[in-house]
Every structure is written in structure tokens, then in C-alpha cells.
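Novice: These protein sequence lines map, in sequence, to chains A and B.
For the first sequence, position 143 (counting from the first letter as 1) is numbered 143 according to the numbering used here, and the numbering increases by one without interruption.
For the second sequence, position 266 (counting from the first letter as 1) is numbered 266 according to the numbering used here, and the numbering increases by one without interruption.
A few of these clues could be false.
Claimed, not checked - Example chain B residues on the side facing chain A (calculated, C-beta under 8 Å, incomplete): (1) P27; (2) V30; (3) F32; (4) V65; (5) I66; (6) G71; (7) V226.
Just so you know, these hints were derived from the structure itself, not from any lab.
Heads up, the beta-carbon is just placed ideally off N, CA and C, and yes, glycines get one too.
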Amino acid sequence: MQHHLVLRVIAKLLFAPILLFAFYVQFHGDFGPGGGFQAGLIFASAFVLHGLLFDVSSARQFLPDRLLQVGAAVGVLLYAGTGLASVLLGGNFLDYDHLAEAPTSGQHLGIILVEAGVGITVACVVVMVFRAFADHLPCLREQDW
Amino acid sequence: MFVAILPAALLTQLPILQVAIPLLAAPVCVLFRRGRWAHDFSLLVTAIASIISVALLQFVFNGGVISYALGGFAPPWGIEYRIDSANAVILLLVSVSGFLALLQSRASIETEIPEQKHPLFYTAFLLCLTGLLGVAATGDAFNAFVFLEISSLATYALVAMGKSPRALTAAFRYLILGTIGASTFVIGVGLLYMATGTLNMSDLATRIPASPHHAVIQAAFALIIVGLGLKAAIFPLHLWLPNVYTFAPAVVTTFLAATATKVALYLLARFVFVIFEDASFAGTLLMPLALLAMFLASLAALQQGNVKRILAYSSIAQIGYMLFALALASTQAVAAAWLLILTHALAKGGLFMAVAGIALQTGSSNLDDWKGIAKQMPWSAAVMVVCFLSLVGVPLTAGFVAKWSLLSAIFSTSESIILAAVVAGVSLLTLLYAGKVLETVYLGTPDEQNATANLREAPLAMLLVALLVAAMNIYFGFNGTMLSDLSKRAALALLSGF
Numbered sequence: 001m002q003h004h005l006v007l008r009v010i011a012k013l014l015f016a017p018i019l020l021f022a023f024y025v026q027f028h029g030d031f032g033p034g035g036g037f038q039a040g041l042i043f044a045s046a047f048v049l050h051g052l053l054f055d056v057s058s059a060r061q062f063l064p065d066r067l068l069q070v071g072a073a074v075g076v077l078l079y080a081g082t083g084l085a086s087v088l089l090g091g092n093f094l095d096y097d098h099l100a101e102a103p104t105s106g107q108h109l110g111i112i113l114v115e116a117g118v119g120i121t122v123a124c125v126v127v128m129v130f131r132a133f134a135d136h137l138p139c140l141r142e143q144d145w
Numbered sequence: 001m002f003v004a005i006l007p008a009a010l011l012t013q014l015p016i017l018q019v020a021i022p023l024l025a026a027p028v029c030v031l032f033r034r035g036r037w038a039h040d041f042s043l044l045v046t047a048i049a050s051i052i053s054v055a056l057l058q059f060v061f062n063g064g065v066i067s068y069a070l071g072g073f074a075p076p077w078g079i080e081y082r083i084d085s086a087n088a089v090i091l092l093l094v095s096v097s098g099f100l101a102l103l104q105s106r107a108s109i110e111t112e113i114p115e116q117k118h119p120l121f122y123t124a125f126l127l128c129l130t131g132l133l134g135v136a137a138t139g140d141a142f143n144a145f146v147f148l149e150i151s152s153l154a155t156y157a158l159v160a161m162g163k164s165p166r167a168l169t170a171a172f173r174y175l176i177l178g179t180i181g182a183s184t185f186v187i188g189v190g191l192l193y194m195a196t197g198t199l200n201m202s203d204l205a206t207r208i209p210a211s212p213h214h215a216v217i218q219a220a221f222a223l224i225i226v227g228l229g230l231k232a233a234i235f236p237l238h239l240w241l242p243n244v245y246t247f248a249p250a251v252v253t254t255f256l257a258a259t260a261t262k263v264a265l266y267l268l269a270r271f272v273f274v275i276f277e278d279a280s281f282a283g284t285l286l287m288p289l290a291l292l293a294m295f296l297a298s299l300a301a302l303q304q305g306n307v308k309r310i311l312a313y314s315s316i317a318q319i320g321y322m323l324f325a326l327a328l329a330s331t332q333a334v335a336a337a338w339l340l341i342l343t344h345a346l347a348k349g350g351l352f353m354a355v356a357g358i359a360l361q362t363g364s365s366n367l368d369d370w371k372g373i374a375k376q377m378p379w380s381a382a383v384m385v386v387c388f389l390s391l392v393g394v395p396l397t398a399g400f401v402a403k404w405s406l407l408s409a410i411f412s413t414s415e416s417i418i419l420a421a422v423v424a425g426v427s428l429l430t431l432l433y434a435g436k437v438l439e440t441v442y443l444g445t446p447d448e449q450n451a452t453a454n455l456r457e458a459p460l461a462m463l464l465v466a467l468l469v470a471a472m473n474i475y476f477g478f479n480g481t482m483l484s485d486l487s488k489r490a491a492l493a494l495l496s497g498f
């Protein structure tokens, strides 16, 4: 466990701040540059970094593949469900005006929900893509680093 | 019938529900743990989509065009879904094909695809359906690209799930070619946006003549035709198709053969006749390609030893027929193209259903393994006979109605005996490869008597749906007025805008 010690320590230090930064970008999307897609990528990049420097499969203990699949599906459901909710509330598909009493707060709520859906799906799919490729590679032995 | 029952508020939402319900259902399928539940759920969703498409078609026939503003943003600024007679027919074709293909194929899916992949398979199937419905429903050029990609990406995954390892290479080749097609299409749409400042199809149609960027628009036209040509498997761009149809799971082949290339052809017709309004160009460019496709693909079909591959080359030839009708560019000819689209879906869908049943029992789709199979599987063989007759265009089948209207369109448009002779000649080629398959199936003697002696007829559910499609081929042959009425209205909607 002596190789890449600096990188591994830094990666452990950075893991939580990267996740936090992803949430910052997610919610900052309301006021300026940012949003679900970028946030999802940043969130997933923490797991990619972890996978690069440690064992790919150890992250499966707290983020199993099935959870990723469900997450990818739930994100799309959240997006399309928001669209359907505005239909049920009397507007057109994805017309957020109808989601709340006042159109502006409806728009606010709608975009938050939709961006949350994008964020969840992008994060889950990027981790899944990374694992799909990484699983095909043979695991490096300690002395081969 | 449906229109009267539905409340008015729901009725105005039908264009989006047509696309959004399969879109919402696709991720729900991921959540199922059992393939069986995903199957029943997808079947329900395709049934709902079919009902919606029937209601839309009736609504369009009574009241003209439906325009739906997504998100409440009025067109041309927002995304518009626009249903007229031309795409209402395509929506009906896609959703009913999806329903029948799923209804037919539970047994073949269970043998061809590993159990743990079933929920994801149905997810991809519903996404493919969503994409094809979206391409047909949308009135926005960029939105059409998005849906084209949704359907294509789902199709690559579906094809790759085929049992043979060659399904992977077929899917990969389709992925590369399809992506090139999608890229040229979206570059074309981007150029149009640059030249006109709009993406709405009807807005594009009014702005293009006034735009000063004539060369840009010509380049856009070329790129869009190449992109859609790849998706529609128009003759020199058809190379992906035979392997995809041969190695994809049977249900996927049935569904794709009935719908995917036709949706791309519909979009091509929309761009040529509505957006660019340049029918003469279409004639000079597409006519030779159509004729080459009809001849060469039919000749290639004669050379094949695998039934699925014969049918795949036959599809390329039949796409040539549809393109030929579009290239004639008169109202009558475009109506004939729509008739060809509908009747080819009936004939080829039925054929692939019968092939799926026989291939399930024999474990092979090589013609050599099918010698004398009609003794053991008389009903499946009968379905093949009826659908092949319809494909050739023999009187009293649906195919005849289409071929006849194509011939009369040729005579009224160009009065060219040569073109009519070519159409008739290619029908003879069709008869030849149909005859080759049917001769083996009925008159061939198996190499080893024991090999086929204990084979049984296809599972009842598969057989009943295939028989239903075969019956439809005959019904529409006797009663062609409904189909020709639909097609006439579709052609009027494209060429005259109502």
C-alpha cells in the first residue's frame, strides 16, 4: 500500500468536497451557471477518482450497481413525472406555471425538480459507464504499480 | 368512436401523451425485478399508445391539424408537436406494430434473451418506441433529431442483445453508421438554423424561400438527405441493415422491419415536400437510387441462404419502391408511397413473425434447415405464403392495392411505360426469391428425416398473432378503400398542407 500514497491521501481528502461541490453546482443552477448535468458529472467524478486510485469494486459496498440502475431510472421518472404533473394540474406538458399557486414559484419548483432528475440520472449513468469499462480490465497486482 | 368518449381536456393533451407515456414507462421497466411483469407492463403501455394513436387519427380526420405547444411556449419559439394526416398514420403504424410485436414474442424473448436482462430489454424497447413516435409527432427539426437519437441508441442496445455473437458486430456497425447519419442530419439542421433563425418545421418552410443564404440551405438539404438516407437504408447507405435484421432478437427484427426505416422515410418526405418544397430535385436525385435499390437488392436477396437475410435484402428493395413513389412527387404517387409503407409493414411484419416461430422451433434461420418444414408447421408456412403473396403484390392481398396505386401513379404522372415495366419486373424478382423460400419450405426433403420429424408447430400465442397479421393482409386486399383513403389524406397533408 506504499505506491501512490500522496495521490491516495489527496483523493480521500478531496472525495467529500467534490460531492459537496456537486451539490453546490446543482443548486447554483437556479441563480447562474450550473445545473443538473454538470452537477451529475462532478458527483460521478468523485467515484471515478476513487475507482482510479483504489479498487474499482470497493465502492460497490455503499453504491451497489442495482442502486445505480434504480437511480438512473428514478431521475428520468422525476423529469418526465414533473411534465406529467403539469398536465394533471391543467397545463401543457412541462408547463411549470401550473405547479404552484403563482406562476413564478411554479417555474422555480419545476426547474428544481427537473434539474434534480437530470443530476441523479447523469451521476448514476456516468458511474455505471465507468464501471462497465473498468470491470473489463484485469486488476493490477501490488508489485505492478 | 374513441374521440366521443374522451373528455375534451384529455383530448388536447393526446399528442404529448402519445410520446410521454412510453417515455415514462421505460424507466419504470428498469424497476421491475421479473421479466414477466415488465412484459405485461410494456404490452399494456403499447396498447395504450395504440388507442391514443387511433384517437389522434380520428381527431385529425374530423378536424384537421393539431398543434401542441410544449411547456406552454407558443410555436415557433417553443417546441411544437404537430399532428396532421401524414404523421397520424405513421403514429398508428408504429404503436400498433409495437403492440403486435410484443404480443407475439413472449416465447421467443424468453429463449433468446437471458432472464436477468429482460427488464432492461423492455426498457430499451419502450425507448425505441418513444423515439420513433417522437420523430413522427414533433414539428420541430431539432426535436426530431433528439428522438431519432433516442430510437437509434435504444436500437443499438436491442440489436446487441441477439443470441449470436455476431449481433455485437452488427450492432457496432449500425452504431458507427447510424451516428454518422445522425451527425450529418444535425449539422444540416444547424445550418438551417443559421440561415433562417428557426427550428420549427412550418416556420422553416415559410422562411427558407426568403433567406439570403441560398448556398447554406443547399448544403443543409444535402446533409439532411444523407443523414436520413442512412437511417432509412436508402440504397448505397443500406449496408448496416442486413446484419441487423439477421442477428437481432426476433421481436426486434419484426418491430424494426415494420417501423424504423419507414419513420425515417416519413421525415425525409416531410423535409423534401414541406420544408424545402423542392420536389423536382428529389425526383432527379432519388429516382435512380430507388431504381438501383429495387433491382440490386432483389438480386442480392436471391443469392442469400438465410431466410432473415433474404427478407432483409427484400426490405431494402421495398424501401426502393417507397422512395421511387416519393420521387415521382405527385399527390397520387405520395399516396402510393404511404400505401406501400403500410402494406409493406403488414407483409414484412407477418413474414418476420412466421420466421420467428419457425426459427424458434428449428433453432436456425438457414434455408437449408427448413427443408419440408411445412409438414410439421403448416400454419406458420401458410402465414409465409400469404405474406409473400402480399409482398409480391398478387391481387386480393394488401400489397396489390399498393402496387396498383403505384402503377396508376406512374401512368398519370409520367406516362412512362419503361418505369411501369421496371416496377412489374422487380415484382417478378420478388416472386423469384419468395418462390425459392416457399419451394424449400413446402417441397424440400430434409437431409436427415429424423432431424425435423419431431418438430412441433410454433407456440400458440406466436401463431395466433402471425395469423392475425396474415388475415389483415388479405382483409385489406379485399377492402382497400380504408388504406387508400388514409394514404390519400396523408399525401394531401404533405403536398397541400391540409
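Novice: So, as I understand it, the hint says B/P27 touches chain A; can you test that by seeing if any CB pair is closer than 8 Å?
Specialist: 4 Å, holds
Novice: Can we keep the B/V226 interface hint, with Cβ of chain A closer than 8 Å?
Specialist: Interface hint status for B/V226: violated (29 Å vs cutoff 8 Å).
Novice: Does the closest beta carbon of chain A sit nearer than 8 Å to the beta carbon of B/V30?
Specialist: 4 Å, holds
Novice: Let's test the interface hint: is any C-beta of chain A closer than 8 Å to that of B/F32?
Specialist: Constraint on B/F32 not satisfied, violated at 10 Å.
Novice: Just to be careful: measuring from the Cβ of B/G71 to every Cβ in chain A, is the smallest value less than 8 Å?
Specialist: This hint holds: B/G71 lies near chain A, its Cβ roughly 4 Å from the closest one there, short of 8 Å.
Novice: Against chain A, run the beta carbon of B/I66 and see if the smallest gap drops under 8 Å.
Specialist: 13 Å, violated
Novice: Quick one, is the B/V65 hint okay against chain A at 8 Å, beta carbons?
Specialist: 17 Å, violated
The structure is inconsistent with the numbered hints 3, 4, 5, 7, although it conforms to all the rest.
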